[in-house]
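K.L.:
Protein chains in written order, with the numbering used here: chain C, 74 to 611; chain E, 263 to 692.
One or more hints might be untrue.
[Claimed, not checked] From chain C, some residues computed to sit far from chain E (all C-beta separations above 12 Å):
#1 P410
#2 K571
#3 G582
[As the list claims (entries may be wrong)] Cβ-to-Cβ under 7 Å is the rule here; a few derived chain E residues that face chain C:
#4 S302
#5 A306
#6 A448
#7 Y464
#8 S470
#9 D471
#10 T474
#11 V501
#12 A530
#13 D533
#14 T534
#15 A535
#16 G685
These are calculated hints, taken from the structure and not from any lab test.
Every residue, glycine too, gets a C-beta built ideally from N, C-alpha and C.
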Amino acid sequence: MYRILQTLLITLCLLVSAHVTGLRAADDLGALISALGTAKLAELDDRIAALAKSGDPRVIPVLEALGEGNLYARKADGGVFLTTEKGTNLVLVDPLDGADIGEVPKGELQKIKVNNAVRRAVRSALGGLTLFSADAEARLKAAQSMRQTPNAGALEAIETALAAEKDAAVRKTLDEARAVTLLVSDRPDDDKRAAIKALAEGGGREALGVLTSALSSADASLKPDIEAALQRIEQAQAFWNAGQNVWYGLSLGSVLLLAAIGLAITFGVMGIINMAHGEMVMLGAYTTFLVQDVIRGSYPALFDWSLAIALPLAFLVTGIVGLAIERSVIRFLYGRPLETLLATWGISLILQQSVRSIFGPTNREVGNPSWMAGAFELGGLTITWNRLWIIVFALAVFAALLFLLKRTSMGLRMRAVTQNRHMASSMGIRTPWVDALTFALGSGIAGMAGVALSQIDNVSPNLGQGYIIDSFMVVVFGGVGNLWGTLVGAFSLGILNKFLEPYAGAVLGKILVLVLIILFIQKKPRGLFALKGRAVEA
Amino acid sequence: MNITARVTGAFLATVLSTTAFNGAFAADDTIKVGILHSLSGTMAISETTLKDAMLMLIDEQNKKGGLLGKKLEAVVVDPASDWPLFAEKARELVSVDKVSAVFGCWTSVSRKSVLPVFEELNSILFYPVQYEGEESQRNVFYTGAAPNQQAVPAVDYLMENESVERWVLAGTDYVYPRTTNKILEAYLISKGVKPEDIMINYTPFGHSDWQTIVSDIKKFGSAGKKTAVVSTINGDANVPFYKELANQGVKAEDIPVVAFSVGEEELAGLDTAPLVGHLAAWNYFQSVDTAANAEFIKTWKAYTKNDKRVTNDPMEAHYIGFNMWLKAVEKAGTTDTDAVLDAMIGVSVPNLSGGYSTMMPNHHITKPVLIGEIQDDGQFETVWETPGLVVGDEWSDYLPDSKDLIADWRAPMSCGNFNVATGKCGGKGS
Numbered sequence: 074m075y076r077i078l079q080t081l082l083i084t085l086c087l088l089v090s091a092h093v094t095g096l097r098a099a100d101d102l103g104a105l106i107s108a109l110g111t112a113k114l115a116e117l118d119d120r121i122a123a124l125a126k127s128g129d130p131r132v133i134p135v136l137e138a139l140g141e142g143n144l145y146a147r148k149a150d151g152g153v154f155l156t157t158e159k160g161t162n163l164v165l166v167d168p169l170d171g172a173d174i175g176e177v178p179k180g181e182l183q184k185i186k187v188n189n190a191v192r193r194a195v196r197s198a199l200g201g202l203t204l205f206s207a208d209a210e211a212r213l214k215a216a217q218s219m220r221q222t223p224n225a226g227a228l229e230a231i232e233t234a235l236a237a238e239k240d241a242a243v244r245k246t247l248d249e250a251r252a253v254t255l256l257v258s259d260r261p262d263d264d265k266r267a268a269i270k271a272l273a274e275g276g277g278r279e280a281l282g283v284l285t286s287a288l289s290s291a292d293a294s295l296k297p298d299i300e301a302a303l304q305r306i307e308q309a310q311a312f313w314n315a316g317q318n319v320w321y322g323l324s325l326g327s328v329l330l331l332a333a334i335g336l337a338i339t340f341g342v343m344g345i346i347n348m349a350h351g352e353m354v355m356l357g358a359y360t361t362f363l364v365q366d367v368i369r370g371s372y373p374a375l376f377d378w379s380l381a382i383a384l385p386l387a388f389l390v391t392g393i394v395g396l397a398i399e400r401s402v403i404r405f406l407y408g409r410p411l412e413t414l415l416a417t418w419g420i421s422l423i424l425q426q427s428v429r430s431i432f433g434p435t436n437r438e439v440g441n442p443s444w445m446a447g448a449f450e451l452g453g454l455t456i457t458w459n460r461l462w463i464i465v466f467a468l469a470v471f472a473a474l475l476f477l478l479k480r481t482s483m484g485l486r487m488r489a490v491t492q493n494r495h496m497a498s499s500m501g502i503r504t505p506w507v508d509a510l511t512f513a514l515g516s517g518i519a520g521m522a523g524v525a526l527s528q529i530d531n532v533s534p535n536l537g538q539g540y541i542i543d544s545f546m547v548v549v550f551g552g553v554g555n556l557w558g559t560l561v562g563a564f565s566l567g568i569l570n571k572f573l574e575p576y577a578g579a580v581l582g583k584i585l586v587l588v589l590i591i592l593f594i595q596k597k598p599r600g601l602f603a604l605k606g607r608a609v610e611a
Numbered sequence: 263m264n265i266t267a268r269v270t271g272a273f274l275a276t277v278l279s280t281t282a283f284n285g286a287f288a289a290d291d292t293i294k295v296g297i298l299h300s301l302s303g304t305m306a307i308s309e310t311t312l313k314d315a316m317l318m319l320i321d322e323q324n325k326k327g328g329l330l331g332k333k334l335e336a337v338v339v340d341p342a343s344d345w346p347l348f349a350e351k352a353r354e355l356v357s358v359d360k361v362s363a364v365f366g367c368w369t370s371v372s373r374k375s376v377l378p379v380f381e382e383l384n385s386i387l388f389y390p391v392q393y394e395g396e397e398s399q400r401n402v403f404y405t406g407a408a409p410n411q412q413a414v415p416a417v418d419y420l421m422e423n424e425s426v427e428r429w430v431l432a433g434t435d436y437v438y439p440r441t442t443n444k445i446l447e448a449y450l451i452s453k454g455v456k457p458e459d460i461m462i463n464y465t466p467f468g469h470s471d472w473q474t475i476v477s478d479i480k481k482f483g484s485a486g487k488k489t490a491v492v493s494t495i496n497g498d499a500n501v502p503f504y505k506e507l508a509n510q511g512v513k514a515e516d517i518p519v520v521a522f523s524v525g526e527e528e529l530a531g532l533d534t535a536p537l538v539g540h541l542a543a544w545n546y547f548q549s550v551d552t553a554a555n556a557e558f559i560k561t562w563k564a565y566t567k568n569d570k571r572v573t574n575d576p577m578e579a580h581y582i583g584f585n586m587w588l589k590a591v592e593k594a595g596t597t598d599t600d601a602v603l604d605a606m607i608g609v610s611v612p613n614l615s616g617g618y619s620t621m622m623p624n625h626h627i628t629k630p631v632l633i634g635e636i637q638d639d640g641q642f643e644t645v646w647e648t649p650g651l652v653v654g655d656e657w658s659d660y661l662p663d664s665k666d667l668i669a670d671w672r673a674p675m676s677c678g679n680f681n682v683a684t685g686k687c688g689g690k691g692s
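Only chain C is shown next, with the shape it has when bound in the complex (with noise of 0.2 Å):
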């Protein structure tokens, strides 16, 4: 009886003093968190530091929100809470439990100032908190932080992660933070020299700057080996850099392209001086917008789809512009080419001052669908999915235009029409109605250019603007009259435009190149691939 009695006396006793422990953690942390709300900017970083000291799971939530700007006071009783925004008002979580605590107007509430020093410190604390986590994914981005900030005290802490770790990608980042980490370590030189070793193999920009910043600090032993990383990777690079540039340059043709594929149907194939086709670009652009903003407001599940919603509406939108432009002015200028000329850069204007009328003269937020958005390593590639994604659109646009100009009737009638008037005319075909829809397919090709772009530019009523010289370059270059001309004249001047730039800076390339095809067309005048047969003199 007696045993008994003492047995659950222990366990009671046990109990309550487990009970009181969890509870002063629970105060401690709480204390810890409330700090936070009346710290200054330039105290935060201790605040931080000693919440990720306690190594508690339920600081993680905390600092992720604080980092986001999530994290916010009461004023009344300086209670701080976890926030997620609804219209005016904010709900509150507890930082401690989870519970949550309701909504109130943001006006009740003081947000914590964060600054960029901060943003750092919780990264870096945050690293620390979830090199553990189950999540492979928080485990990658803890690894990633880490090889950004390295802190010798965390060495240790990586080695254990490292040695327990078994998703290959985390493993590989974990590796190069352990390199990072232990350089700046008090560890023996030969386990520098390894890690620099593993460092140089490894390649990228990010060692290169540890390296660099390891170099000044470092034994004279070790300089000799550091030296030699640097140099190897950096031979890397300059091969990787060539590749870059061939990417870039790509992708300026890709755009180029997209400005000018419209062009080359309009004054290309139909001799059209059309000054106009810039502000088609902006229609396009501006469709964009329009689709956008009423995902916003209706349904924002669809915005990932907005750019697939928004082509075929801009396509349509600036094919009717077009249409219009044709039957109410170009069709009475056909063969006088300066007064297409002037008539067409008077529409430019107004269709200018009046999108600035209508939607304002500031800029319109486009966003990217979340699939355009961000980049991917490919070697020593950075890869931009944005600019990946508008290469594909453009070569997608000109295969279709090609396959429409070459495989169907009306692609036939619209060859006949250009290349000899009469006789088509004479073979039945109601040519006025032909150039009225050549006409709008420019047009609206250019507006579908104009949502591709839309994801890179301004969306402002000054946006065509920038882009019709370029058309104009592009298709003069390329062969007027000939879409494959467009193609590699579109690339050419991008890629070359981008191997100039890195030597001769951005204005001195442009001009460089606007120099070069001053001299290429006094030796080709009819571009880079010029028609050939009785359709010239014509």
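Use these hints to put chain E onto chain C, whose structure you have.
P.N.:
Coordinates of chain E only, in the frame set by chain C:
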């Protein structure tokens, strides 16, 4: 017959003279204020807002009873982003419309093109935009920031708070970035930064393909030293620049970008979530938490009938300039140019960031300098500000050929480029 004719004639004469008198009376009853901002062309993006802001300020003043017992009347002209047209329109405002003062211009080249007009016709221009300095003219009041009120403090902030050691000075290729970068380069070198740690890069207007430059910045930033970008990139080129930064993953924690030409208005066309933490230096942010600012924003949103319209630094500059002009005219009791020019110096009015701005003898004003970080809602959050007001320094102390120059438009000196070394008026820019 004769009598009838005479009566009719007299009647007609009366009518005519009455109308003439009425006309004269109407003209006398208002004070005209000229607004010279582009409403079309490339600069319309920035300048249209300033026109609206001026109309609002004039409207508000009329509600308070106008000036000297007269109503204010705005005369709006559109110079269409065309520099020579600025001079023509300025001439029209002063000599045809007889305005008492003009508020206008944005780009430095437009200001330079109207300077001779204001000098010749002896009228007053208020210039509201941050600019490169190296100028002080009798007829112009500069209410925007001089380089020491924006660029230099921003660099100081990065040096002290972010311990930046490597600098990329990126700008659009025209006079403001070139001069500002020259000043900054001299300043950085005077602070012990090595020339190889400074990279200067210029791009054409409206540059839209930033891939190479952003990747160069990344490369420059991977030399093991903390790197920052000081951006004087202008206008439309900013959106593609920031988009490329975001897509190539340049984060503010690693390579912060501090911009001098990016305000709330420019961010309105951007998804700012990936840009959080990049910086801007101004003398005013919409997010400034003062009663005067809250009132100003409320009036602005009500006036434009648009709840999403943002306010920005040049608007505040017009707010300050306009109130200074009102005060100076009241002090002088007339809108006569010479009297107002004299009365302007020393005039002090509240600014929107909770202090007072004063017109200095060099025709520049005192302002606080704020450094803000971009937030995900397109606003800036002030992370640092100068402890007191900074006096605009027209002739930079860091450029060899202007460090000896000062401007003082008070009576005995009355000179915009007085050389303290030679003791003579007239140096550079004369």
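K.L.:
For a quick check of understanding: which of the numbered hints are violated here, in increasing order?
P.N.:
Structure breaks hints 2, 3, 6, 14, 15, 16.
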